[in-house]
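K.L.:
Chain residues, written in single-letter form:
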Amino acid sequence: MKLYLKYCAINMKSQMQYKFSFFLVIFGQFLSAFTMFFGVLFMFSIINAVDGFTYSQVLLCYASMSMAFSLAELVSSGFATFSGMLANGTFDRILVRPQSSIFQVMASRIDLARLGITAQSVIILCWAVPNSGVSWTWDKILTLCLMIICGSIIFSCLFLIQASFAFFTTEGLEFMNVLTYGGREHGRYPFSIYGKGVLRFLTFVIPLALFQYYPLLYLIGRESSVYYMLTPLFGLLFMIPSCAFFRFGLGRYRSTGS
Amino acid sequence: MRTYFAVFRMRFIAAFQYRIVAFSSMTTSLVWGFMSILAYAAFYRVNPDAFPMTFPQTVSYVWINQTFLLWFAVVFTDGDIESTLESGSIAYELARPADLYWRWFTRACAGRVAMSVLRLPALAAAFLLPGILKMTLPPDLIRLLLFVLSMVLALFVTVSFTMLMYVTMFHTISFRGIRLTVTAVTTFLSGGLIPLPFFPASIRGIVEALPFAAMQNIPLRIYNGNITGIDVIYGIGFQVFWLVTLIILGKLAMGYSLRKVVAQGG
Amino acid sequence: MIKLQNINKTFRVAKRQSGFGHAVKALFLREYELIHALSDISFTIPDGEMVGYIGPNGAGKSTTIKIMCGILTPDNGLCDIDGYTPWKERTAYVSTIGVVFGQRSQLWWDVPVIDSFELIRDIYKVDEKLYKDNLDELSVLLDLGELLKTPARSLSLGQRMRCEIAASLLHNPKTLFLDEPTIGLDAVSKIAVRQFIKKMNAEHGTTVILTTHDMQDIEALTERILLIGKGRILLDGSLSELRKRFSDHKTLVVEYNGAAPELCEGMTLVGAREGCLTLSLEPSLLSISDAIAHIAGKTELLDVSVSGVTSEEMVAAMYKEYHI
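If you read the protein sequences in the order shown, they are chains A, B and C. Everything in the first sequence is counted per my numbering, starting at 1 for the first residue and increasing by one. Everything in the second sequence is counted per my numbering, starting at 1001 for the first residue and increasing by one. Everything in the third sequence is counted per my numbering, starting at 2001 for the first residue and increasing by one.
Don't take every hint at face value.
Reference listing, derived: stretches of chain A covered by chain C, where coverage requires no fewer than 3 residues with Cβ under 8 angstroms from a Cβ of chain C [claimed, not checked]:
(1) 5–14
(2) 83–93
(3) 97–111
Read the hints as simulated data drawn from the structure, not as lab findings. We treat Cβ as the ideally placed atom computed from N, Cα and C, and that holds for glycine.
Pulled out of the complex, with its shape left as it was, chain A reads as follows:
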């Protein structure tokens, strides 16, 4: 949407004013992402495979998860700062503008520094893709794309839910980090290693497995049914409860003030 691109431009101009800070932040995030990668590497220097998944397959999983997450963070930085917006009255300003409030909150901050993690994910992806032993036909490529794109949408929904909590309480929003940052960190391994219970939860309640695990099975050839490729699309249904929760919070905010 053209308006969104205009917001991007103004965000970019704004952040580029502080070049040194900008690059230091990118560096910090790059570093942070790489330490997580080293964690995976070290574990695999001790054993060869976990739950039937080899090192390169796990990296494929890790890279796509990381990519999805970093794209979501890039786009949802507005949600991350949302409680501040409520506190200082910026949200009231948003309510006085003739655009969807969710859209405005999202567009208000596009944190370009997150590109550091995106860059790291791309690098790892570039290594994992040829080394994973997957034969990259068009359907496999599509699967990977769906994993990443739908993944970032679902993560964004989680960020939206986290932001919506700010309508109800001024503190304690870190609880949701278990699902967002937790999802990314624990999602560095395929979700099946955590056991059936966790896998079911992450399939039916918080649909992280729908874009991380099932399509992965399709990619590496463990499953051949096309449905496994399309599970990320089912995950998109998560947008409905997320937006509904935000609207519910918004209604409450407009009734109780700040």
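Using the hints, position chains B and C against chain A.
P.N.:
Chains B and C only, in chain A's frame:
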């Protein structure tokens, strides 16, 4: 001395104001610990003896690591200190009677302790968990006491490193970048992501000599029995060494930077 | 046209107490208190009118404005602004209004003002030609010129406020809400802002609702005043009526030579220094000419000035009468 106690008390009260924070803190550490242990379990299933720590040792490690996450955090958002840095009102701070370094030091410790106390119920719950998740106590009282001593030292080492970080913040405006870099480096090198014994032998030697290895690495491994006998004493000595070094470095750096600030007029 | 009828609003606020014991208790039990922000608020404002909305802090001014902007929903009552119910049809309604929050900026901080303007143009979907015309007009009237290329963070408060007001008018709103627009401004900027608002109202027929503590804003701009106190509308009338009602006292400043004159009934001494007296006259007891004649008879008069009571004093008298 009374001022420091007052600072400590104030941070404690602030931390307890928000019951939702308390609840979410506890839940977060439980869930995170739960998932981490399950992941380790999957790895240990492949070859239980290949790892430098036994599985029960790893479980204890994870639970203490999670509960005391903020205790060991070099980067901890302390609003007041950072807003002072940001606004450049350092000069006003110098007008106060108590020494700036120790004031911030106490404040930083207080915040971490308070937030960790909020999470203690989660640790208590970990002792009651079923099956592989269950947390265990160390074999004897002496070990437990040494663990406590080591924990306190670890807190001080962590905070003394934080003080160095604050000094660098005197000189730049990019706090976020510094915070991110420091978090990444310190968490990883102190054993916060994976325990230091899991590092490949080639780099383990170097990593275990760094100040970061004097943070959570020592007390957690004293607790779970990975460090035994005389090594426990060496470990504590190692912590004391880095504590003294970092404090001296910190005070020198802060003194130098403050003089610079005053010379420039704030 | 703006119409409010029987608007009520009550807030539930958590009580926080100090001390360690209470802090731990607060972990388990929360106490609340009810605050009645608005009780039975009703008024009507026809198109093109400029209204001053005054009252002490905490009286309910911001609450009413938020309801009229669609940010807050009232507990009950009717609010109709040009056929819209503000909180119900938010996106459609807010295109017709402009808001300036005195303390909070709507401009992007680090980029030139013109970039913020262009984004606002796109948000409100203003036609390119109309935008250009408005921008030109606003630039001339508010003397924006070079300011447009400067980032908001580099502007002084006065310059920024002029840009804020321009920003709120780029889309030709029918109604303008100004929440403390002149707060913190220097005298020159205040005059510029007031003149501009008056012109906007005269030329475009913009309805203006102004909340302020600065009575000179009111005097310069509005004829009609709404006084709110403790959640109720206490007064709805014209400035001149209120003047007559609350400020019939006259202030007399007398410069003299020689002995200080005695005062007579109807005069109260307000201030005195060497050769100068400030007196407050009660016109019902003593007319101005009699007062001057009396003093002239007692001493050698050098200079006399007569003035009405200041608006601030008048408002203070109002607050006192209504116990707010």
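K.L.:
Work down the list of hints and note, for each, if the structure agrees.
P.N.:
How the hints compare with the structure:
1. 5–14: That given contact holds, which follows from 5 residues of the region 5–14 of chain A lying within Cβ reach (below 8 angstroms) of chain C.
2. 83–93: holds (count 5)
3. 97–111: holds (count 4)
The structure is consistent with each of the numbered hints, conforming to all of them.
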